[in-house]
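Protein chains in written order, with numbering that gives the first Met the number 0: chain S, 0 to 98; chain L, 0 to 626; chain F, 0 to 561; chain R, 0 to 286.
A few of these clues could be false.
In the BS3-like style, the derived pairs of lysine-lysine whose C-alpha atoms are separated by at most 27 angstroms in a straight line are [unchecked claim]:
id, chain 1, residue 1, chain 2, residue 2
1, F, 479, L, 212
2, F, 534, L, 212
3, R, 97, L, 596
4, F, 479, F, 511
5, R, 97, R, 194
6, F, 409, F, 511
7, L, 23, F, 479
8, L, 23, L, 212
9, L, 457, L, 443
10, F, 511, F, 534
11, L, 161, F, 409
12, F, 242, F, 57
13, F, 511, F, 57
14, F, 531, F, 242
15, F, 479, L, 161
16, F, 531, F, 57
17, F, 242, L, 23
No wet-lab data here; the hints were simulated from the structure.
Listed here are the chains, written in short residue letters.
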Amino acid sequence: MNPVYYLYLAALLFTIGGAGVLIRRNAIVVFMCIELMLNACNLAFVTFSRMHGNLDGQIIAFFTMVVAAAEVVVGLAIIVSIFRTRHTASVDDASLMKL
Amino acid sequence: MENLIALLVAAPLVGAALLLCGGKRLDRTGHLIGSLFAVASFAIGVALFADLLGRGAEDRTLHQYLFSWIQVGGFRADAAFQLDQLSMTFVLLITGVGSLIHIYSIGYMEHDERRRRFFGYLNLFLAAMLLLVLADNYLLLYVGWEGVGLASYLLIGFWQHKPSAATAAKKAFLVNRVGDMGLSIAIMLMFTTFGTFAFGPVLAATGETSEGKLTAIGLMLLLAACGKSAQVPLQSWLGDAMEGPTPVSALIHAATMVTAGVYLITRSGAIFNAAPDAQVAVVAVGAVTLLFGAIVGCAKDDIKKALAGSTMSQIGYMILAAGLGPIGYAFAIMHLVTHGFFKAGLFLGAGSVMHGMNDEVDMRRYGGLRTYMPVTFITFGLGYLAIIGFPGLSGFFSKDKIIEAAFAKGGTEGWILGGAALLGAAITAFYMTRVMLMTFFGEKRWDPDTTHPHESPKVMTIPMIVLAVGSVFAGGLFSVNETFVKWLEPVTSFEHGHSPVSATTVTAATMVVLVLGVGLAWAMYGRRPVPATAPRGSLLTRAARRDLLQDDFNHVVLVRGGEHLTRTLVYLDHSLVDGAVNGTAASMGGLSGRLRKLQSGFVRSYAVQMLGGAAVLIAATLLMRGV
Amino acid sequence: MSFPLLTATAAVPAIGAIATAAVPAAKRTAAKWLALAFSLVTFALALVIAFRFVPGAKGPYQLTESHAWIRDFGVRYELGVDGIAVALIALTALLIPFVILAGWHDADPLEETAAPDSGSAAGNRRNSWRPTQGFFALILAVEAMVILSFEATDVFLFYIFFEAMLIPMYFLIGGFGDRAHVHGEEQAATQRSYAAVKFLLYNLVGGLIMLAAVIGLYAVTADQLGTGTFSLQQIVEARAAGKLELGTGTERLLFLGFFFAFAVKAPLWPLHTWLPNAMGEATAPVAVLITAVVDKVGTFAMLRFCLQLFPGASRWATPAILVLALISIVYGALLAVGQRDIKRLIAYASISHFGFIILGIFAMTTQGQSGATLYMVNHGISTAALMLVAGFLISRRGSRLIADYGGVQKVAPVLAGTFLVGGLATLSLPGLAPFVSEFLVLVGTFSRYPVIGIIATLGIVLAALYVLVLYQRTMTGPVKAEVRSMPDLRVRELVVVAPLIALLLFLGVYPKPLTDIVNPAVGHTLSVVDKKDPKPAVQVDAVPGGARHGHAAPDQDVEAAK
Amino acid sequence: MTVLAAAASTGEAVQFWLLGIVAVVGALCTILMKRAVHSALSLAGTMIVLAVFYLANGAYFLGVVQIVVYTGAIMMLFLFVVMLVGVTAADSLKETLKGQRWLAAGLGIGFGTLLIAGIGNASLKQFNGLGEANAGGNVQGLAALIFTKYVFAFEVTGALLITAVVGAMVLTHRERTERATSQREQAIARVREGKQVPPLPAPGVYARHNAVDIPGLLPDGTPSELTVNPTLRGRGQIRDVSRESLAELKALEQRSEEWLGRGEGPEAAPPPSGPSAPKEHKEGAKK
């Protein structure tokens, strides 16, 4: 079998994650979906590094993980503080971003 | 000696500047200053005249070059003067009559608090008029041409608090502007044809160009003349111009300015001689106007308007004569001068009458004034005799010559013109007699309690006397072995007309029509009393009272039409031209308003847009790579 | 290198603007005097330019300065003046002091109009919404930019100032209205901002289209000359040498791009509608600034850039432009007749006059273009006189409607007199300056396009109509009750108007100084467009009699005819 | 090891197909589960599968990191937050934004197809595996790269992490502005406000229950909210038993009636505590 399938899988997961971001209202779940998308990317990177036979792809994936970790920390902190003030974790309630 | 020419113009100009910028401190002495400068320029004129007489008939043309005025490419206009016999004649007339009227005005405007300004305007007029007749090229002439227009505007509207006066002034200026358009187009034509518009070269080069061009130039000049000289179809302003103070009517609208058209045509004689069609137009205009004016004059009850009508018709005579070419020019000018005398005299007389009748102008409110103001009566009477062409008085000589010349034109044309001229003479006799009778004879039609007719002060009567003398003897003096004609001949190449009818016949005929006219007038206004209120009158009378409906025509066609046109244009400018722009602006606003709705503020809808964008990008890249 | 005179002339008002803006709020009067002083210095420098300028010297431009600016795009800081520019710079520098003087109290806080010149800080703080300092600073800023755009011989440099001008103008129009509020302050404010925005948008659109054309020009030059350049002179020379060959299509497109901007600026029908609003809502001095100074940049640029950069396209577009100009003349005059608002009337009159200017420019004859240039100057002066007097009138009665006046002549004769003179200048009465230019334009047009010339002369009659109607309705007739207590011109106002009128008279009688400066430049322009004056049908050999003694035919018109 | 080979072996294929399905299902569950906890758990599952795939692709280090960091740390963090916010705060999957779901579905499918199409026609034929790259060991290889080529990025990520930590603290740390009120003060305040001076009533009815989630009944038999912990209240986890208890009460009275044999009497409806006393007393009499 051809490792390209990993790419297909990555694409699929990525899409699913995206859809999740779009349809879920709970901020935490939205975050999970984002993580899912990031992981899909990582999978793609790893596969690519295997294709090209060098490790740069893995390095990128590694950095992605670090950044994702940082992002999750901050993001969740934000969610928590929002929840404290508004007693909800729904992204729709934070809709002050309009004109 | 040439250098005096500039002074001629400068003197009254300085006077005007002084009086108009001098401010209140000159209020007490303003009239004296103004008169002084007028007289000064008259003195200079006399000096120059003496100088000219001193020279041989051929080198009586003086030039004075001041400076190059406009100089662009081939276009070259100089501030330069040319004094020859023709100009000289005008200079003397203008400054002479002008000075007299200045003096007269001292008395006439005594009680007007803006007298200083009035004299300033009068001086301004003198300067402009002198510039007009002394210019050595058409553009400079144009300056004077519009200058006198301005002066007449200011003077007609002198009593600005009267709306009628203001309107009359505006009308005069506008109608004149139409004429000026003609003059400017004529100048442009000259420039494109000859490359210059100085009298000398242009008049010298008429032989070298096509008759069509010359005809065009001639017609344009005629248009200008019509405007300035109140000839049909641009005559409508003259009647209203009588709103101005009477001295103004005498100086500007009788003696000098309105004759500028005649000057223009005579000056451009060479062009007209080479363009017969233009000449035909000129004589036609002249003939029509002389009848038109005469008819109008018959119907007016306002003494000044009656005189205005007469002015119109007399100038019609001059234009007619000028249109006849070399056989007529001299007589046109001659009649112009004599007319200057007697018409000015008549107006001053009318002014004196009004002065005594506390500014009543309706002749039906006069009557039997001869005993109350004898001097006025006599001077006015002499002027009257002169204008109707009573044998021996100046009008007789000049007008008679013109009629002769008209016949001498030859052919049916000659007969028509001569007939018209004769008819005009008859009507002239009629309406002038009417004026005379209604004013000085008959029973009093004024209220003795309110009005106390009295003779005017010396300062007013003396000029009248002088003018009366002039109107008696000028004609005779001029025609003694054709002095005047000889004097003008170098400028206006004179030739004797060969009339189909002998001179004596013409004279006899003139006498006959004269007697007829006078008799008819006496029958109508002398024998039976004049009604104090105008009778309804015949259709013609009523039309004539309204200037033969010309004003109504103007009103309906030009004024109304113009108003509608401007109103629609204003509307269109707002709705169409501006609306288009604002429309686009509005549509933009609407569009942005709709786009604004995309900013729902819901993170997820933004996310959808982002994903869409990403999808589009990917699709684009794929397509780029030719999938 | 010698003293950078041109830069200095532009720099002085710029510095003045900053200095004036920096004056503390309390010192309002000081700010006014400061601004006046700076404008006068500018005028002095402009005079120096005028005297240092040698008419008919070699080369199209003099007093040139040239420094590399943006090397990568071949943008240079290139200044230089020809006769036309000199005349217009002089005009600008001349008018600004009068504008400042006339607007002396226009930017005072409202309370203090009763007791002017009392710069109480309290008053200032209370209504800091129209700071006097800003008003005068903006005026000086406009002056600086206008002068620079007259001097710039680098297309890009010109474009920058051409556009930058809009910013101060926008604030001048939107920020300071005259106090003639028909319907109260709020509506006046809304109308003002509408006018300001309209002004800005119109000119911006024009400017952007021009920018595209400018870039296009650069692209073409870069493509053909190897190194792209914006330098007017280089491009003209390259074309003359045949090194630069724009295709017909490109040239026309570029020409249209430039011309559109200039046609908006010098309002040409149908792009004119911003002018009446702007001039109507702005204070009289600002209105003068718009029509007498800023708009001149448009017509000037037509002469300097449109014609010289794109001669072929200019010739191609001439018929259409002439027709548009003709429409502007008649249309503007007719609308002026139909106006009920004094300032709008003057605005439409200006549209008509700009029609004359453009007519003269595109008649492509010496008379036409010299006349057009003179016209720019004269129209500047005459409109300034008329508009400023109108402003004085309006400030007295507090209304712009003609119907609210009547019989002013009796109450304030001097005011009426000056107003009349301004009006007569507007209808180009002989003896006043505008006549010379208008007649030259007409002759120039007529000698190549007789029909258009004749129709244009209609403008003379219409001009008389609207001026006299205006004068009659406002000044004559019975005295209206509201104007009965109207004071006559004050000394300051007289100081503003008298010199202008004197100048009008002088230039009307003796325009030689102006024509001598302008003629060679026009000759150069025509030689670039390569058009010759049509020869008269009959060649009259030099004039007989003494009429002409005292001056030989100067060589300059020989070269102009080339 | 097979994964080092350029093309994957059949064993790997089997593994891929099995685990791939698991991963997709996990992902779907993540976005479809009602409760955040379930989503978190299924996501963790997916991640573990991905870790396996990393290993299979020769990224040993990453595979381990995936399990340790992601599944171990990050997902736990998620769970903590879920606890903080409330496990049972299930958000309904009912869509509020108009057309959002359809848009999402459409775009998702379109996007996916585009991606897959893109990958499909990308020419990814030749595969040179990680043979030589991992020759000196995967971790060493990565380390070599990280500390040479990507060292700068590495430093930056360090800074990023620090910043993130500080940020998280700043965001979550709540500043106490005033001194904490002591119990005494609270008591005084209560008395002053005059509400609920004694401690809150205990849950449970008649001591039949002592579960904390059953509210006590008021004399008229209605449940009293006060008796239940507000958190449970917040989650709506109150077991309301008031009805059956009332029914029991009725039955009790019934019985006591017939046991006493007096069908009617003025004191037909004695207070609930009434009948019980004689019963005691009767029993006492039996002895």
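Each hint tested on the structure:
no. : hint            : verdict
1   : F:479 <-> L:212 : 53 angstroms, violated
2   : F:534 <-> L:212 : 15 angstroms, holds
3   : R:97 <-> L:596  : 13 angstroms, holds
4   : F:479 <-> F:511 : 44 angstroms, violated
5   : R:97 <-> R:194  : 46 angstroms, violated
6   : F:409 <-> F:511 : 38 angstroms, violated
7   : L:23 <-> F:479  : 24 angstroms, holds
8   : L:23 <-> L:212  : 53 angstroms, violated
9   : L:457 <-> L:443 : 25 angstroms, holds
10  : F:511 <-> F:534 : 23 angstroms, holds
11  : L:161 <-> F:409 : 11 angstroms, holds
12  : F:242 <-> F:57  : 23 angstroms, holds
13  : F:511 <-> F:57  : 21 angstroms, holds
14  : F:531 <-> F:242 : 24 angstroms, holds
15  : F:479 <-> L:161 : 13 angstroms, holds
16  : F:531 <-> F:57  : 20 angstroms, holds
17  : F:242 <-> L:23  : 70 angstroms, violated
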